[in-house]
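Visitor: Keeping the supplied structure of chain P fixed, place chain U with the ligands upon it in accordance with the hints.
This is what each chain is made of:
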Amino acid sequence: MITTTIARKLAMALSGLFLILFLGQHFTINMTSVFSEKTFNFLSHFMGNNLVVQFILQPLLILGVVFHFVMGFVLEIKNTRSRSVKYQSYKGSANASWVSRNMIISGIVVLSFLGLHFYDFWVPEINYKYIEFLPQDPDRYYGELVHKFHSPFRVAIYALSFVFLSLHLFHGFSSSFQSMGLNNKYTRGIKLFTVAFSLVIPAGFIFIAIFHHQNG
Amino acid sequence: MNLKLKIWRQANAEAKGKTITYSISDISPDMSFLEMMDMHNEQLIQQGEDPVAFDHDCREGICGMCSMFINGEAHGPDRLVTTCQLHMRKFKDGDTITIEPFRANAFPVIKDLAVDRSAFDRIQQAGGFVSVNTSGNTQDANAIPIDKHDADKAFDAATCIGCGACVASCKNASAMLFVSAKVSQYALLPQGKVEATDRVLNMVNQMDEEGFGNCTNTGACEVECPKGISLENIARMNRAYLTASLKG
Ligand code: HEM
Ligand code: SF4
Ligand code: FES
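Chains P and U supply the protein sequences, listed in that same order.
In terms of my numbering, the first sequence has 119 at position 119, counting the first letter as 1, and numbering is strictly consecutive.
Just add 1000 to wherever you are in the second sequence, counting from 1, and you've got my numbering.
Only chain U is shown next, with the shape it has when bound in the complex:
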């Protein structure tokens, strides 16, 4: 396959970036999108140019690092996949592919396609944990019976990999899907109930402080989420937040 790539290039956080168009040839349809990007970078290096910076780590859809906005969608046109799981067979010979960083004021660009998603870490630190005594007499989690429905829903929420595709896709740059998944994965379990009130209040406040937008229920996040996190989690968080606010 021969392709045209329109890639966002930005030297650093302060620099004014711009889109640069490159041509690339001999791409196999079996390559992953990141392998295609690697090949492109090797060519750039051979030509003495600066390779395109992009985030990646596991390359198997579990770390959430591979943020890229491809042809107008987070992680490209395929559903329920990350960029590393996207294959070049989803494109046609001669296509022009636009590749941009995830855009949100809360996710500033570090360089080229790499963005700073530490806002998510700070939201987690604000309450995305359970305080467990780890001094050696920790209770076995399986000793506490848990309703199967709740356990399943908590597990589904816990599959969120913190990739940020929800923020990138949302027209409002809202982080509600991520935060609601992180609230729900604890809220549904007995271990998480103890700190439930403070957790939801603190995490939502941190989310707002980071400058994410205001959810308007468009549902774009759910469609683009590589892990299929459901909007039900957002409703659960709204509910939890409102009842927690009443407690004060």
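The shape of chain P in the complex, shown without the other chains:
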């Protein structure tokens, strides 16, 4: 079914929305670190040791990310191949926004960030729990988080990546509703929500990084 263009669009939309759901959850937990070390440690420990989260939700998430970006590359290749002879003059900005035309660029930046993020948090986490079998320490998460944001260079990379995530969502969120066939009187509302969401969530993530850099 994923072979037709419309099915591919739907797959892109559903996997994208799934990632947005995850983003909201991740944001909520991270935000608690600003207000309460205890809450953050509690939630992180829960997420890190709950069997459903670890062995059902986490693999599902990884699958979702991989599916989404592989599909993104498939789309990109198919689309460049649909016009082998390029225009000498092509005024893309006359009729479509930069973000909508460059989802692959914002996507690749987000993907590189995810690579770094895996290296920063996920790899040490797996190492801690499943390779070295270090003893349980429900209070270690906050310290690990703050430690990561010591380096101003890392904070800058994080901030830049979230700017690109913002661009990606700016087009992607409302676009996924169009892909699913929803374009009606609520579309204006969805577009407004998209603007708010794609500004507030990435800005919040950047705020958290800077906050811990300043106070860590």
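Hints in this document: simulated from the structure, not taken from any laboratory.
Be aware that a few hints might be false.
[Said to hold, decoys possible] Pair by pair, the computed Cβ-Cβ distance ranges are:
1) D1150/U <-> V195/P: 27 to 33 Å
2) P1077/U <-> S36/P: 55 to 61 Å
3) T1159/U <-> P152/P: 54 to 60 Å
4) R154/P <-> T1096/U: 46 to 52 Å
5) T187/P <-> T1159/U: 19 to 25 Å
6) P1190/U <-> A94/P: 38 to 44 Å
[To be verified] Taking lysine-lysine and the DSSO-like style, the derived pairs with C-alpha atoms no more than 27 Å apart in a straight line are:
7) K185/P <-> K1153/U
8) K1018/U <-> K91/P
9) K91/P <-> K78/P
10) K1018/U <-> K86/P
11) K1090/U <-> K86/P
12) K91/P <-> K1006/U
In this text, a Cβ means the ideal position worked out from N, Cα and C, and glycines have one as well.
Guide: For chain U with the ligands alone, kept in the frame of chain P given last:
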């Protein structure tokens, strides 16, 4: 007005084309773009050169033939017009105008600026019709009451002239706007409902077979469409296609 024209010249489908620069003078701002092209061709003929091949027919914005990609946009810089409705007053004296054929693998060049858009015909043939008994006892269409909102939307969709500007403008060379207009003009009417499932499945499959790209909702098509066909039609087609797929 004096202008420089950079025009794509290609002898035939197999030939390797190239851009050739020409100068043209004494263009009136009141001329249409096609009249300017005619004048240019007359000069070429007088000089014993091959005139530039380009498609045109009605010259009043209803046939959709006049495909040209002008200064980076389908049908040029103006909105809601075809090339034949574009006037030279939209340009300035001394301008350089780049004129290219509509580009998409599904629209191969025939010669110069003329491209083969029969892919659209094949999509139409795959389902863009209603089967009506025409043996003499055809029912009067007005005998079936139709919701005014639906009737208006179906009519709006039906104003698509099949020009291909949507494909030419789309960075993905996607034909979704055209196909969705052709699906919608029937899907909204009772006469079209009977064959709705097969229509959308067949037309979308044909669209994919022709090698058009995959829509990513940039919205360029809607902006460049001379008839203002709305993206709403694409959403409707997505919806119709997905429900039709579930029926099998
Ligand atoms: C947290 C990460 C991400 C989120 C929340 C996300 C979200 C979305 C959403 C909602 C869409 C719109 C789907 C549609 O229009 O139907 C989308 C499209 C897309 N994404 Fe992502 N994405 C993420 C990561 C990535 C990555 C890593 C890539 C890597 C290349 C990528 C590449 C694309 C591409 C090429 C499109 C297609 C453009 C389109 O159809 O509009 N995305 N994304
Ligand atoms: S949808 Fe608009 S741009 Fe596309 S073929 Fe129809 S009239 Fe032309
Ligand atoms: S020549 Fe018919 S629309 Fe332009």
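Visitor: Any hints this thing doesn't respect? Which numbers, in order?
Guide: Nothing - there is no hint that the structure violates, so all of them hold.
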